[in-house]
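Chemist: Read off the chains here:
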Amino acid sequence: MSTFIDGLSLGSIYALIALGYTMVYGIAKMLNFAHGDIIMVGSYAILTTLALNGHPLIAILAAIIVCTVLGVLIEKLAYKPLRGASPLAVLITAIGVSYLLQSVAQLIFGAQTRPISLVHFEPVVIGGVTISLSAIISLAVGALIMICLTLFIKFTKLGRAMIAVSEDRAAAKLMGINVNMIIMVTFAIGSALAAFASTFYVMQIPNTSPTLGSMPGIKAFTAAVIGGIGSIPGAMLGGVLMGVVEKISLSIPVLAPYTTALEFSLLIIILLVKPTGLLGKKRREKV
Amino acid sequence: MSEKYMLETQDLGISFGGLKAVQGIDLKIRKNQLYGLIGPNGAGKTTIFNLITGVYTPTTGRFFLDGEDLTGKKQEVINHKGIARTFQNIRLFNNMTVVSNVMVGLHNQKEFACSPFASMLRLPVHFESETKMRDRAKELLSIFGLEDERNNLACNLPYGKQRKLEIARALATNPKLLLLDEPAAGMNPNETEELMNTVRFIRDKFDMTILLIEHDLKFVSGLCDEVTVLNFGTSLYHGEVEKALHDPEVVKAYIGK
Chain A
1 MSTFIDGLSL GSIYALIALG YTMVYGIAKM LNFAHGDIIM VGSYAILTTL
51 ALNGHPLIAI LAAIIVCTVL GVLIEKLAYK PLRGASPLAV LITAIGVSYL
101 LQSVAQLIFG AQTRPISLVH FEPVVIGGVT ISLSAIISLA VGALIMICLT
151 LFIKFTKLGR AMIAVSEDRA AAKLMGINVN MIIMVTFAIG SALAAFASTF
201 YVMQIPNTSP TLGSMPGIKA FTAAVIGGIG SIPGAMLGGV LMGVVEKISL
251 SIPVLAPYTT ALEFSLLIII LLVKPTGLLG KKRREKV
Chain B
288 MSEKYMLETQ DLGISFGGLK AVQGIDLKIR KNQLYGLIGP NGAGKTTIFN
338 LITGVYTPTT GRFFLDGEDL TGKKQEVINH KGIARTFQNI RLFNNMTVVS
388 NVMVGLHNQK EFACSPFASM LRLPVHFESE TKMRDRAKEL LSIFGLEDER
438 NNLACNLPYG KQRKLEIARA LATNPKLLLL DEPAAGMNPN ETEELMNTVR
488 FIRDKFDMTI LLIEHDLKFV SGLCDEVTVL NFGTSLYHGE VEKALHDPEV
538 VKAYIGK
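Going down the list, the sequences are from chains A and B. Here our numbering is used: the first residue of the first sequence is 1, the next is one more, and so on. Here our numbering is used: the first residue of the second sequence is 288, the next is one more, and so on.
Worth flagging that the hints you see were computed from the coordinates, not collected in a lab. Note that CB positions come from ideal geometry on N, CA and C, so glycine has one too. It is possible that some hints are incorrect.
From the derived model, a few chain A residues whose C-beta atoms are all more than 10 Å from chain B [said to hold, decoys possible]:
hint : residue
1    : Asn53
2    : Thr156
3    : Ala164
4    : Asn178
5    : Met184
6    : Asn207
Covered stretches of chain B (in silico footprint by chain A; criterion: 3 or more residues with CB under 8 Å from a CB of chain A, positions within the stretch not fixed) [unchecked claim]:
hint : stretch
7    : 412 to 419
8    : 443 to 449
Listed next, with one range per pair, are the computed distances between beta-carbon atoms [to be verified]:
hint : chain 1 : residue 1 : chain 2 : residue 2 : range
9    : A       : Met181    : B       : Leu504    : 36 to 44 Å
10   : A       : Ile153    : B       : Val342    : 46 to 54 Å
11   : A       : Leu88     : B       : Pro327    : 37 to 45 Å
12   : B       : Ser302    : A       : Pro81     : 23 to 31 Å
13   : A       : Ile147    : B       : Ser302    : 49 to 57 Å
14   : B       : Asp512    : A       : Leu88     : 48 to 56 Å
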């Protein structure tokens, strides 16, 4: 039971990151492989604020601001000039940005793993089950954020414009939508979500290093593809699925060493059965 | 350049590489006019639409909307200035509802302004602007008899209704000039007749200037005051519709010698 809750909470972290991948893919039609490294930057923002004797809440706020600004800057400087270029060029740029962020972090903070003590919660016992409080918090806040995001996209003007751009960018432009602005907002939202993911991540695993973002980044990307890339509910489902599978597999001694392999096999199996991902939409070919 | 034209193009043209796709187009469309653009396949009709909506940047010439030079402006800016269009191959936002499609068109109008922060905090102004937008969208849909379809997905509408929805969406952006690219394509004679009435109604109710591309000559002659006939990217004739159909050059372009 507590394994399951841990899984859900890790899953909500993956889901938050996967949302960033899937939204950027859906709207800007690109895979932002630097997304995982935004999480790493967020963790260093938290580390730095705490080192300056900042309150943990201020540290979280700092992470959100730093990540959002960074996301928008990356889009402006690296991706916007490539709008309309071949997808491969954009993809390689994204990988380049990812390495750039890692290297800069290594230059500033060094390559060693550093501890972060953001908050420490005692585990609580509910009905005979020991559950870590940080797991419950990340699960609850993660769920809340996802509900807000869904409402935002479904029921606001900006959200509607975002869907319109993802449906047909050229037509959206001709309907008077400023596509560059929408893409910028998408990056801002995605990066802010990454900051939350970063917060929950260091709450559960209290240390950071310049490569902190790569593994959760890749797993969340896998989650987004499992759920059907471009689909927001799909990213949430995929993320939670990945988290639960990971924690359950880790709790079974025979499977534990093969956990990562198992997670990525899950991707292969699901794509074999349903190539568009669990909730992905089929693109109908026009005759 | 004189002020009395809603749309004026001067020597408008574009080349792709060495190929002059369209050249020397001088359109003069007065306010409130129903103007037709006809010509054989590949004559450059849709290219002209793409030029005056900013999809392509003209390589020669300029165009003016209501006296304002819009040459080289971005697509969304041109739309804000007052040119809206429909597409030859329908391009709706397929996985959005009918009413949302129209609301996307309303997106940039000041009367529905609401900051994203107000939306996020769910302030009353957010709900007010949403309700106003929804009402306006319903009003536009009712012109086309689509109000009962408003909660269906756009891709589930029958073809004729999709065409109408595209016009409603374009109207939602509050244009001065409406460009219709083959609005009657794929419609049966009854639907075509009905569409002609709708186009007239739009012209009168919104005081609209309409430029349309159409292959159905009955549709054009029944509707338009004036036409320009294109062939191989240049203008072959412009003037009254009836005379166009008897012009020897036009007849030659359409059915050969």
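Chemist: For Met181 of chain A and Leu504 of chain B, compare the CB-CB distance with the range 36 to 44 Å and indicate the outcome.
Modeler: At roughly 43 Å between Cβ atoms, Leu504 of chain B and Met181 of chain A fall inside 36 to 44 Å, so the hint holds.
Chemist: Between Ile147 of chain A and Ser302 of chain B, is the Cβ distance one that fits in 49 to 57 Å?
Modeler: Given range 49 to 57 Å: holds, Cβ gap about 53 Å.
Chemist: Go check the stretch 412 to 419 of chain B versus chain A for me, would you? Three or more residues, Cβ under 8 Å, otherwise it fails.
Modeler: n = 3 at 8 Å, threshold three: holds.
Chemist: Just to make sure I understand the rule, a stretch counts as covered if three or more of its residues have a C-beta closer than 8 Å to a C-beta of the chain. Does the stretch 443 to 449 of chain B meet that for chain A?
Modeler: violated (count 0)
Chemist: Grab the minimum beta-carbon distance between Asn53 of chain A and chain B and tell me whether it stays above 10 Å.
Modeler: 31 Å, holds
Chemist: Do the beta carbons of Leu88 of chain A and Pro327 of chain B sit within 37 to 45 Å of each other?
Modeler: Cβ of Leu88 of chain A to Cβ of Pro327 of chain B: about 39 Å, so the range 37 to 45 Å holds.
Chemist: Does the beta carbon distance between Ser302 of chain B and Pro81 of chain A stay inside 23 to 31 Å, or does it fall outside?
Modeler: The hint (23 to 31 Å, Cβ to Cβ) holds, given that Ser302 of chain B and Pro81 of chain A are roughly 26 Å apart.
Chemist: Taking the minimum C-beta separation from Ala164 of chain A to chain B, is that value above 10 Å?
Modeler: 4 Å, violated
Chemist: Please check whether Ile153 of chain A and Val342 of chain B have a Cβ separation lying inside 46 to 54 Å.
Modeler: 27 Å, violated
Chemist: So Asn207 of chain A supposedly isn't at the interface. Is its beta-carbon more than 10 Å from every beta-carbon in chain B?
Modeler: 33 Å, holds
Chemist: With 10 Å as the threshold, tell me whether Asn178 of chain A passes as away from chain B on beta-carbon distances.
Modeler: 5 Å, violated
Chemist: For Met184 of chain A, is the shortest CB-to-CB distance to chain B above 10 Å, so the non-interface label stands?
Modeler: At roughly 12 Å from the nearest Cβ of chain B, Met184 of chain A sits farther out than 10 Å, so the non-interface label holds.
Consistency with the previously given hints fails for numbers 2, 3, 4, 8, 10, ordered from lowest to highest.
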